[in-house]
Amino acid sequence: MSGVRSLTAVTFCLNVLLIAGQSWCPHENPSLTLWSDTAGTWGGEVFDQSSNVFVTGDVLLDTDVDVFSITIESGASLVWSPEAEPTVRVHYMIVYGSLIIGSEDCPYTNCTHISFVGAPGAYSISDFGEKFLGVAAGGTLEVHGEPRIGWTKLDHTIEKCAPGDCLFFNQKNDVPKTDIVKFQPGLVVTVLDRDTGLPDKYTFIRLDATRQSTVNTKVKALKSFMSDVPDGKIVAMEAQRYIPDTDTSLMEAAGLFDYLEELVDLNITNQMEIRNIEKFDAYALLFLKGNSSCKQETLIKAGSTPQALDAVSSMVENGILFKAHSYVNGNDVKTSYVNVITASANGSEFVIDLLDDVSLWKEGDVVVITSTDYDWTQAEEADIIDCPSCLPNQIKIHLIPEYTHYGEVYMNTDMRAEVALLTRNIVFEGTDVEGDADEAFGGHLKFLKDFESIHIEGAEFFDMGQKNYMGAYPIYFHMCEDVDDGPNLPYIRSNSIHNTHSRCVAIQGTSGVQVEDNVCYDCYGHGYFLEDGGEKRTVFDGNLALGQRSSGLIQTDSNPVGFFITNPQTYLRNNVAAGGLRAGYWFVFPNEPIGNSTGLGFMGLYEAKYTAIYEFYNNVAHSYNLAGLLIDNILRPDGKTSPNNGYQPKKDPLNFRSANKEVIIERFTGYKNRNWNAYISGGFITLVECSLSDSSQSVFFERGSFQWKSVTRSVFLGETPNVGEPSPGYNRSRPKTSNLNSPVQGFVFNEGPIKLQQSWFGSFDDNTNYKSMGLGFQPNDGGDISPRSTVEEVLFGYDDPSNLRVFDGNTTTPGFSDTKTDIVSAFVDTDGTLTTLADHTLVKPLPFHLSKSCVNNDNWGLAACPQKYGQLTVSYSGNAIATMTRDDDPSLSYSASNLARFLVMKAYVTSYILHFDTIPSPFTIKAIAIDNAGGVRIGVCVPRNAKIEMRINKPKKANRLRKWTSVSTLQDIDDDTTGAKYFLDSTVGIVFFKLFHSANLVANNANDCPRGLCTQVVIRIKTGDRTDSDCTQRAYAVYNRSVDFPPPSIASFAPFPAEMASPPEVWGAGATRHGMYDNMGDVFD
157 MSGVRSLTAV TFCLNVLLIA GQSWCPHENP SLTLWSDTAG TWGGEVFDQS
207 SNVFVTGDVL LDTDVDVFSI TIESGASLVW SPEAEPTVRV HYMIVYGSLI
257 IGSEDCPYTN CTHISFVGAP GAYSISDFGE KFLGVAAGGT LEVHGEPRIG
307 WTKLDHTIEK CAPGDCLFFN QKNDVPKTDI VKFQPGLVVT VLDRDTGLPD
357 KYTFIRLDAT RQSTVNTKVK ALKSFMSDVP DGKIVAMEAQ RYIPDTDTSL
407 MEAAGLFDYL EELVDLNITN QMEIRNIEKF DAYALLFLKG NSSCKQETLI
457 KAGSTPQALD AVSSMVENGI LFKAHSYVNG NDVKTSYVNV ITASANGSEF
507 VIDLLDDVSL WKEGDVVVIT STDYDWTQAE EADIIDCPSC LPNQIKIHLI
557 PEYTHYGEVY MNTDMRAEVA LLTRNIVFEG TDVEGDADEA FGGHLKFLKD
607 FESIHIEGAE FFDMGQKNYM GAYPIYFHMC EDVDDGPNLP YIRSNSIHNT
657 HSRCVAIQGT SGVQVEDNVC YDCYGHGYFL EDGGEKRTVF DGNLALGQRS
707 SGLIQTDSNP VGFFITNPQT YLRNNVAAGG LRAGYWFVFP NEPIGNSTGL
757 GFMGLYEAKY TAIYEFYNNV AHSYNLAGLL IDNILRPDGK TSPNNGYQPK
807 KDPLNFRSAN KEVIIERFTG YKNRNWNAYI SGGFITLVEC SLSDSSQSVF
857 FERGSFQWKS VTRSVFLGET PNVGEPSPGY NRSRPKTSNL NSPVQGFVFN
907 EGPIKLQQSW FGSFDDNTNY KSMGLGFQPN DGGDISPRST VEEVLFGYDD
957 PSNLRVFDGN TTTPGFSDTK TDIVSAFVDT DGTLTTLADH TLVKPLPFHL
1007 SKSCVNNDNW GLAACPQKYG QLTVSYSGNA IATMTRDDDP SLSYSASNLA
1057 RFLVMKAYVT SYILHFDTIP SPFTIKAIAI DNAGGVRIGV CVPRNAKIEM
1107 RINKPKKANR LRKWTSVSTL QDIDDDTTGA KYFLDSTVGI VFFKLFHSAN
1157 LVANNANDCP RGLCTQVVIR IKTGDRTDSD CTQRAYAVYN RSVDFPPPSI
1207 ASFAPFPAEM ASPPEVWGAG ATRHGMYDNM GDVFD
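Start counting at 1 in the sequence shown, then tack on 156, and there's your number in this note's numbering.
Take the hints with a grain of salt, since some may be wrong.
As the list claims (entries may be wrong) - Derived DSS-like pairs: lysine-lysine, alpha-carbon spacing no greater than 25 angstroms straight-line:
1. 316 x 328
2. 333 x 892
3. 376 x 316
4. 1137 x 1119
5. 1103 x 1082
6. 435 x 328
7. 328 x 451
Worth flagging that the hints you see were computed from the coordinates, not collected in a lab. Keep in mind it's a predicted model, so treat the numbers as computed, not measured.
Model the full assembly from the supplied sequences, consistent with the hints where possible.
Rendered as structure tokens:
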């Protein structure tokens, strides 16, 4: 064709204009010829659905297109006409030149629909596969839809439609469970009065029988049930759980489908969707009996792989909205349910207040309102309807709210539901099927290395992605390497990506992509996805993710997350993860890049492990089953994960001996996440100005590595006015459905050492069913725990003991136990703001732990002691019982089995004797949090006149007993300052020595072992009777000791009044703001 313009010239012109700040309207290119000009543009060639079209010049798309493929050659361009509203139906498109739908200066404001057609296996295009829009090297893709805000937040709470108000009937709640069998597959049939919305009667027709006679009987039962239903009644039918595909032929033979068509359509049409129903499909039908024109039938196919499907049919009659609902989860069928709801049609149309200007949202648009409870599926979709009187921050919607959507900032914690726009004027649809095509086989956009330009904004993507095929995602950057080394940065901005078969935005082997202000809703697998761990400098700013469903594409997709982050060189700011299965954000790094990025030098070995996360600021996560924020695990080359990430950020990631570098998690908001708002393993990580609410445990630190972890200037809330949907027997939702009496804990001491500073606690209201506390230890803990964790400058917004500042239970308390770790749990109140006693350690009130200086708090299950504590662990083979006895009072002892843990006072304020019921050999005594200044003297019972072997590593190394120094008195042991001295009394059967270190623990050293190595003694019994094991009576007859502990500072704890009814203004995250809009009126600065 004539007038061919080179791609180089087009791109050069575009870049020059962008740099110069001049406007560029692509449709104004004078060399463009019309697609509809068959003679002038195509030389008279006429295209049909089998045509492979090659664009070799500059073409203006001004008409609908239905062809097999479109290839835009290098130097050519296909530009959408702003005057047209073309529908493009195609199997695939390849761009070597330019595909342009609007520009930043001239966005495309008409409507266009690009639909990808076909079933898998028909063809395969190198590098791209099937059913795609692919941008090859040198290619340009410019998509610029209407510039409309993609999501905002509620400004006031939406209350659910309550019975007696706008709600007339809710079958799920109003019908007793015994009336309709809930756990069997079949059809639920409900007859409703069109004038009142109330049910006349209902029944269940079970359809999973494998015998024709049984199915015949069930169909006859349905006919009998419907026989006396007069015309003018509303009838609802929904598939419950599933209709077995093995029974489809039996139902056909029983006349079920013919009967339903006669009932609904008044004659047999062979057109009703129910004829196509198969196992795990969702199906809902509403019809007015006797009126064939008044019906709605919805069938959603499951495809080849079971999935969660939601079929809804609705109609309005006499001012009443009738709604039939079939939810079928093929992955977890027991969660499936059906429902029929009737409500006032007027009550289902109302105005909602939003945070931002949404005046460009239009009548007919669809929005989703996120859950603000633990269950993300409480998200509800609504249609926008006309509202001439609405303010710029208001819309009128059509919705029967089945759930309350919270819309408040409570105590500096923003729990306002997000409201996201799903509809856009530029639409990419992925599942335009042909024949028996796989409905999980959608279209995909894929970009290859050395593309010229990729900018996508203001578009809608639905039914995109291919559930069972790797590398076929709605938007996918594939091995493009560095793309941020020039002025024309690629971006994916302000798009609505929803109901997809595999992810939303995937980036593999590509660095420097900007992903901003998008909505990712209801997809299979991870939503925003960094694939290999070599993807650097990705910017996620202002994005929303919710509803990531389980998939089997890769191992981690089985429990997916909103943001899957495999490289620490990532910027995350102003995002919201609004509910799903595993977590909102998961930082999981490989030791080095995996997959296609293996060996390409994107990251060095262990570089990710030693690299500080670039930015995590003003992000929100709520409504997840596991955690809001998850920093944990190692991503293995096979795509699976391993525990204990060992994350240790360093100033020089390529030199693990360099100084530690702090990671700041700033202004994070987490609420209504079932297990944890934040679960963080490894790292020099500090949570700053975070708000954490309504979780089983708000913050949980796993050690991962020996670097300090801390929280400062943050807000912890137990149970807030955001009550959610009440759990059975409660007036609010509870986080753990499997254990409704599980405790509520704000800050959790686990492993450590960790620091809690300048934080406010509120809404930890005690009750008779479960414990609620601001601070606590990890219940049922089986790992290590440091006695050096600290608390300072904490404030409480409630009275204690009516509500508890801190609590630790035991076996008599639901949710707690007395494991070996539980017994030795401890932390230090540095400044006394928790207990009024500065520099006191809170310990379990076992007599073995206490001195007369301690003050018990029975309400807390703890005591505060001025002594400093360390731990001794005793490990060996076998089931021997180890017992430690206090020398100042031999009646004070504690016993435990192998890997016994003992909390001991250090700095030699007292001393101890260890004995066994039968002495194991060898056994090891390890001194934890014990240093040069704070040591412990210990005696160990050994058989009388035995030969023993001992070795010690610190402060002086002695691998054999002969390298120790034998002394003649116990006083010589007390005077030992060099280490490796022992006093053996063979007559008593005891050996004494001191446990201390050559170095001191320092405040900024997070390892409880000085210089990374704890003092450790190994003892082996070479000869002697190992049942001669308890020397304490003989020893205390000779080596008794008295200690004069000072009296306590106070006799007992007085009640603690609330110190501040609300948190300080600058503590907590406050009102979170949208990434693009900086002029919000309620920004929390």
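Hint numbers contradicted by this structure: The structure breaks only hint 3.
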